[in-house]
Structures are given as C-alpha cells and as structure tokens.
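Undergrad: For the record, the sequence lines run as chains A, B, C and D. Take our numbering: the final residue in the first sequence is number 152, and no numbers are missing along the way. Take our numbering: the final residue in the second sequence is number 152, and no numbers are missing along the way. Take our numbering: the final residue in the third sequence is number 152, and no numbers are missing along the way. Take our numbering: the final residue in the fourth sequence is number 152, and no numbers are missing along the way.
To be clear, the hints were calculated from the coordinates, so they are not data collected in a lab. Check each hint, because a few of them may be wrong.
Copies of the same chain look alike in the list, so a pair counts if it fits in one copy or across any two.
[What the hints assert, rightly or not] Below, in silico cross-link-like pairs of lysine-lysine (DSSO-like), each with a Cα-Cα straight-line distance of 27 angstroms or less:
no., residue 1, residue 2
1, K121, K59
2, K102, K121
3, K136, K147
4, K147, K102
5, K147, K59
6, K102, K36
7, K121, K136
8, K147, K118
9, K102, K118
10, K147, K36
4 protein chains.
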Amino acid sequence: MDESNTFFSDDTFAKELGIIVKTSSPGTATVALQVTDKHKNFHGTVHGGVLFSLADAAFSIACNSHGIPAVAINTSITFMKAVHQGTITAHAEEFSKNPKLGTYHVEITDENGDKIALFVGLAYRKSIRPQ
Amino acid sequence: MDESNTFFSDDTFAKELGIIVKTSSPGTATVALQVTDKHKNFHGTVHGGVLFSLADAAFSIACNSHGIPAVAINTSITFMKAVHQGTITAHAEEFSKNPKLGTYHVEITDENGDKIALFVGLAYRKSIRPQ
Amino acid sequence: MDESNTFFSDDTFAKELGIIVKTSSPGTATVALQVTDKHKNFHGTVHGGVLFSLADAAFSIACNSHGIPAVAINTSITFMKAVHQGTITAHAEEFSKNPKLGTYHVEITDENGDKIALFVGLAYRKSIRPQ
Amino acid sequence: MDESNTFFSDDTFAKELGIIVKTSSPGTATVALQVTDKHKNFHGTVHGGVLFSLADAAFSIACNSHGIPAVAINTSITFMKAVHQGTITAHAEEFSKNPKLGTYHVEITDENGDKIALFVGLAYRKSIRPQ
C-alpha cells in the first residue's frame, strides 16, 4: 500500500462519500466514486460539492505524493455536464511545481468518458524547517 | 417556509452534511454547519469538500432566489485558515446579475468570525421557453 | 509620494496603459484609466486584458502595501458588462493575509458606478531571509 | 487569411502588445509575443497583464473559431514562473463546449518550453436569433 493510500485511508469525509483510489504515482492520481442517491442535489443530479470533493481527493493525493505535506490554497472548477448515475472518475496531473507551490489539473469524466468538470488546484507546501 | 428552503429540503447531500439554512432573501443566503468528525480530512481539519459544499449551498440558495432555475457553471475558492471545530457559516451575496448570468460572493467564517474561505460563484439561468 | 506610488512609477506596462493611482493605504488601493481606442478589442469594447491589468494594478499596490515584496500566484476574474468609453476604476481591498499569503478582492466599475468585473487575487510574499 | 486572423486584425490592444497569431484551427489557437521593455512591471519581469492578454488572445481566437461570436465570462490564471526576455507563446485548446458555453485550457510557455502560466477560460456564445 503506497503512502497516498495510507494518508487517504484517514480521510473520513472522502470515505463517507465512497471515494476510492484507483491509481497514484508521483504527481498524479486517479480516484472514483459510484453515484448513489445520497450524492444528489435538489435537481436530482450529483451535487457540485460531491464533484468538487472527488476532484479535490485526486488533487490532494497528487500534491502530497512527493512526501512533503501540501495544502490547497486555491481551486477553480468549471462544471460542463450534469451526472445522474454510474461511476465518475477524477484524474489529477501535476502541471508544475516549485519548492513551495504546485499547480494541478484535474479532469472529471463519467463512465462514457464525457467531460463533467475541469478543476485546477494550487497547493502550498509547508517548509521542512531544519532542527 | 420560503421557496429556498423548499428546494433546499430536497437536497440530500446538503442534509447529509448537516447544512442548515439560517436566513435567505432575494440574492442572499446564510447557511451553517456544526463540525463533527465526519467532516474531517487526513490533516484532522474540516475537508475542503465540506467548505466548498457549505459555500455552494449558500450560493445555490442565493442564485435560485429569483424563481428561475440556475445552475453553477464556475466557482473559485481560496482557503485561508483551517478549521478544527465549532460552527462554520457561509454568507452569499449577489454581486451582479443579468437575465442569463449571475455572480455571487460567498464568505465562510468560523464561530470567532475569522475568515476561512472566499468563494466566487458564477450561475447560468436556463431560459423559460414559451410553451 | 507614498511607497506604492514609488514602485508603481516603475511599472512601464501600467504607464503605457494610462493607469493612474487615485488612493492607496495599507491593504487597499484605487486606480483608474481613461478609455481610448488603443484599449479596445475586435468587438469595439475595452479588452479583457486591459480590465485585467487595471484590476491587477490595484491588487499589486494593495498587496505590496505592507513593505514586503509580494507576487501574484493566482487570479480569477469574472466579466459582467462590456465598457465602451469613459473612466473605469478598480478598487482593491485586502480580504485576508497571513505571513506568506494574502487574498484581495477587486471590483471594477465604470463611471456610472455599474459593475464591470470582479477579480480575486492571491499573493505570495517572499521571505526576508536573514543575511 | 482565415477568419480568426480577420477578427484578430481588428484587435487594437493585441496589436499594440505585439501579439501575433501563429496557428489556429477550430477550437485551438497559438499566439506569441516578443518581450520588450514596454511589457515589464516594476519587478523588471513581464507584467501579469501582458501574460493574461496573451492567454486571452489565444482563448478568444479558439472560442470564436466556430463562427458564433463568443465572449469571455470568467477566466482564472495561475502564474508559475517569471519571464524576463525572449518569445512567449500561448496555446489554447477547447476542453468542452455546448451550444452556449465553452471551456478552454491555455498554457503559456517561454522559449525554453518552461511553463509560465496556466489559464482556464469560460466563454458564452450569444444566440443567433431567428429573424
């Protein structure tokens, strides 16, 4: 079990949502979720908060994959299609990083491969201070 | 019970999170949530997805408050402080609107009034087509 | 002449655009620009890049107002109304700051006070390293 | 001369900046700019407003490439590296579109291929009303 799964297994909220890690490697991660009624909003479609959380999970695993704790400081998400059912997948790729900041591109697709949302996340890495 | 609460009462995901509507009026809304362990991430702080969902709930109520169904098309959120406990509140204000698009400014604060996150949401109003 | 004006006077691009500083104080700034033909796009309205640059100028002065050099790391701008002529003004307010990061809210208005754009900027402050 | 160049040739501000169109096809565009002193800010690096304008030019050409006038409604840009000199290039790709809205991903690189900024633009297409 890799480190990303270790920290992810302590993520109560992501577990509550049913998010599972499919793959992860330095700078990337793919996570998925099977849609159920509890994920829906009053329109009867998957809640924006669920889509955000799925993208954010992929982002968190990708940006924490270098062994230095990183936190999200800004994220932007554009929603292009509503989802009613099935499995939705978020794939994060590192776009760039320097010692303090990293930018991640996350794409959410439904089980037909249709694009559901585009998320961009900016992470800040806390310094490891010399002892 | 006003219309915003009516549609909000059908929002399964928001109810699951424990989000409650404090006030709403045309173009504005205030919602709140009592932090519990299920809202936390692996850092032991409130998950970004929970903060997003709280802001998004205030945004949804505010942008649907004019009687024309509106959907989120883009949102941006900046996180400035981690929250560990207590009640967190999101207040949405309409910044501008035209017949098709509306922009909303949402501020999340903790119970000390400290700023936790700033969210900006862009909503698209579907046309009411003549029958 | 205050420090924000000093650094601003070295900003070749902002000067080229005709941006002038109206007021500034710690954490805030107001700048303005008189629209001319050179600011326009192929729609005959003020170019998004000019509106961005005006907002960015207000943001830069506000985030550099504390004496520690700060750079923009992320900005988001929502455009709500096209402008054809007159004076446009951008007012920046500090929404929050900690030693490394600051978030600024910038509103652009035309000379009738109509809202033209909403900009949110995130700045990163470089550490002052001990010599 | 293709249509994107036709409308682009009427873009006074982009011409003032020295932006040139390298290639364009339905849904994509590549534009470039040779850095000169007039593009700089008080840090002596290329101004964020210039980088934004370059990305916005690529975005505008790409989103107007389908023959239906489109306007930017929201853009987000993350800056990862300062540029001092040379040629900078912005390449826009259509991420998704429906009849009203389109999302575009724009990457700015310097002449070494280093990533300078990531821009995401959301465009709104005005309806062609039946006469």
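Undergrad: Which hint numbers does the structure go against, in order from smallest to largest?
TA: 1
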